[in-house]
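Number of protein chains: 2
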Amino acid sequence: MSGNAQSEQFEADFTPGSGSVGIVTPQDLLCAQPPNRLKLSCGKELGPITVRYETVGTLSPKKDNAILVIHALTGDAHVAGRHAPEDRKTGWWDIIVGPGKPLDTDRYFIICSNCLGGCMGTTGPASTNPSTGKPYALEFPVVTVEDMVAVQRMVVDHLGIDRLLAVIGGSLAGMQALAWPILYPQRVANAIVVAAAARLSPQAIAWNAIGRNAILSDPNWRNGDYYGQALPATGLAIARMIGHITYLSEVKMRQKFGRELRNGDAFKYDFISEFEVESYLDYQASRFVERFDANSYLYLTKAMDYFDLAAQYGSVRDAVARAAARFLVFSFTTDWLFPSWQSREMVNAMISTGRQVTYANLPTDHGHDAFLLDFPELHRIIRGFLSEAYRREVKA
Amino acid sequence: MSGNAQSEQFEADFTPGSGSVGIVTPQDLLCAQPPNRLKLSCGKELGPITVRYETVGTLSPKKDNAILVIHALTGDAHVAGRHAPEDRKTGWWDIIVGPGKPLDTDRYFIICSNCLGGCMGTTGPASTNPSTGKPYALEFPVVTVEDMVAVQRMVVDHLGIDRLLAVIGGSLAGMQALAWPILYPQRVANAIVVAAAARLSPQAIAWNAIGRNAILSDPNWRNGDYYGQALPATGLAIARMIGHITYLSEVKMRQKFGRELRNGDAFKYDFISEFEVESYLDYQASRFVERFDANSYLYLTKAMDYFDLAAQYGSVRDAVARAAARFLVFSFTTDWLFPSWQSREMVNAMISTGRQVTYANLPTDHGHDAFLLDFPELHRIIRGFLSEAYRREVKA
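Respectively, the protein sequence lines represent chains A and B. Sequential numbering of the first sequence, starting at 8, is according to the numbering used here. Sequential numbering of the second sequence, starting at 8, is according to the numbering used here.
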């Protein structure tokens, strides 16, 4: 994706910052405490809710330089920097968040919180149900994208921020970034929606459903009550493998794996993993089941399936008409999980209702995953969009 | 797919026959009997082998009107007609095989056999291992596309046919139809290769691998020794669901299911199947596990993964250069399991080695499954190609 003449030219204009935000300390917010529990889309109430979040950069005295970064399906609040000096890995979007980077922490105050229903510090099905003293498991209510956004708004309230300079997210987080200015038009000035959709396609619902089926049919799942026992790791592994293929493009899989065999060039005539692509899936799945809760996978994929601006507001057009934010929308040419036609659908609705919108369908071989990678064109446009927003909203 | 002016015009020229071949009786051939066991690609020998096959139409006195129809992954020898008058369903390709139909049984003698490793009458992992008196299970050797073709050749030999007028197949069967004239150049005059490839793509390998993983990790699978006990139905169901999505195009899923809910328009906020597409997958999977053996699924998908003309012969070009047959190759614009570029790869290799080849990349919304459906353009071209072959090879 990098290295062609055009991107080199842009890089000369916008030298990517190499700085790190350094050591970041996660914080927990306790909110939605009874009797002020959160009223969920399903009609139930939930609370108290703990929200794990991290911030980097400095909130301006006027509190007008805050950007909410939202993580995708299996992410967490740890968006940039390290928790400890010895950490080998940085936060999940360190490539774009830091001093001099597109989400420039010398200028912006960055907030990222783990989503409701997740398993990385925010209340979810693995959390203790205060009314039983045991993990919620399936007693946890089914939550929606709108519920996730409502909890993020509590973090923003807690930080005393009236209006976000921007929200940004890709995939499931792109749905949330899209929902934000529709739910809270006065609370966000700009929304960057990456590789997302106003509603999930039936094919994507099907992949989610098969992943859930694999978890639900794992004997260790035990109707969700597996905490403290053997985990439904095989079901979750299958779900993750399916996910990984949908995140990659067919052409990238050819480039990355081809038909290479892991051990030499002779077939083993057995059912062990032989092709490189099989080893890749095995490895990704085994890493994932160590860090992610299977029940959270059920809840978060269900929230994706349910998200549907058209069903909720009458039409995508009626939905985006509620927003006052300026939009920046990205799709990727080889993304087949959230195909470009879905971004065009929302962009056309935005245009027809007079919203301010910039749209880029970026050429890449990387498929859906492109938004997490070193992607100079993507980063350059985000940088420029935010700089203009900053000039307009903060410097003015 | 039907109903436009162009296809109506062609239908006027080539009225599809509505005739049925009537009642068909399956036959079993016992072959590869010791000491003449079949030498397999893996180096092992297998025998005796029972082959379930059916024939329709009449073999000409010169035995020059025979067409071998090959079934895809989960098919069987029952290609056309009914086994009994009360059968509700006809054979799997009845739409194209019968009196007056493109594979006109008034003219051609049609042969279809269940493939080696299958579970529909031909020897496979569920068959009794004569050396133990128990099902082979994983003692069954891993077989290849080439081994399947070798067993089909035994049927052709048994019927006294020196040279097939044509072989035809789609998907895994298209691989076999492609392998036939390369393995036995003098034994087949024409090969019709539908929605297939000279080698499976890494993405398609990955889908197969995940399906196998689901089966292998089903506790009921018991290292393959589940016969007479509870079946690994949940693993096989997951595999089948994955398969079904790959057989459909994204656009067809939109047309077919949209985001419709099964029961009314209100979300249930539960993990039951709610969307129509989920019900479809549940239904397809539950039907499939009743009729198909999970071990056969392992063996047949492995054969798909292994098929690689380039690896076996040096290049696709070197492979097809061995063939003397005329080729008819089809791909479908929305087939993402066997994308058109794979067909173009083989067609270009055929052209560059001077093979006779006709290629059609047919527009359709139906994805990979198109070859099994009512597809007038496909059927018209097959009819024309076979009529010419008949004039050239039989009438001459």
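These are calculated hints, taken from the structure and not from any lab test. Among the hints, a few may not be true.
Treat identical chains as interchangeable: a pair holds within one or across any two.
[To be verified] Below are the DSS-like pairs computed for lysine-lysine, each with C-alpha atoms no more than 27 Å apart in a straight line:
#1 LYS275 to LYS70
#2 LYS96 to LYS69
#3 LYS275 to LYS141
#4 LYS259 to LYS275
#5 LYS275 to LYS46
#6 LYS51 to LYS275
#7 LYS141 to LYS46
#8 LYS275 to LYS69
Outcome of the hint check:
1. LYS275 to LYS70: neither (62 Å within a copy, 40 Å between copies)
2. LYS96 to LYS69: neither (33 Å within a copy, 73 Å between copies)
3. LYS275 to LYS141: between (47 Å within a copy, 25 Å between copies)
4. LYS259 to LYS275: Within one copy, since 26 Å is at most 27 Å while 38 Å is not.
5. LYS275 to LYS46: Answer is between: at 17 Å across copies they meet the 27 Å cutoff, but 56 Å inside does not.
6. LYS51 to LYS275: For LYS51 and LYS275, the Cα distance is within 27 Å only across copies (13 Å; inside one copy 54 Å).
7. LYS141 to LYS46: within (22 Å within a copy, 60 Å between copies)
8. LYS275 to LYS69: Neither: 66 Å inside a copy, 44 Å across copies.
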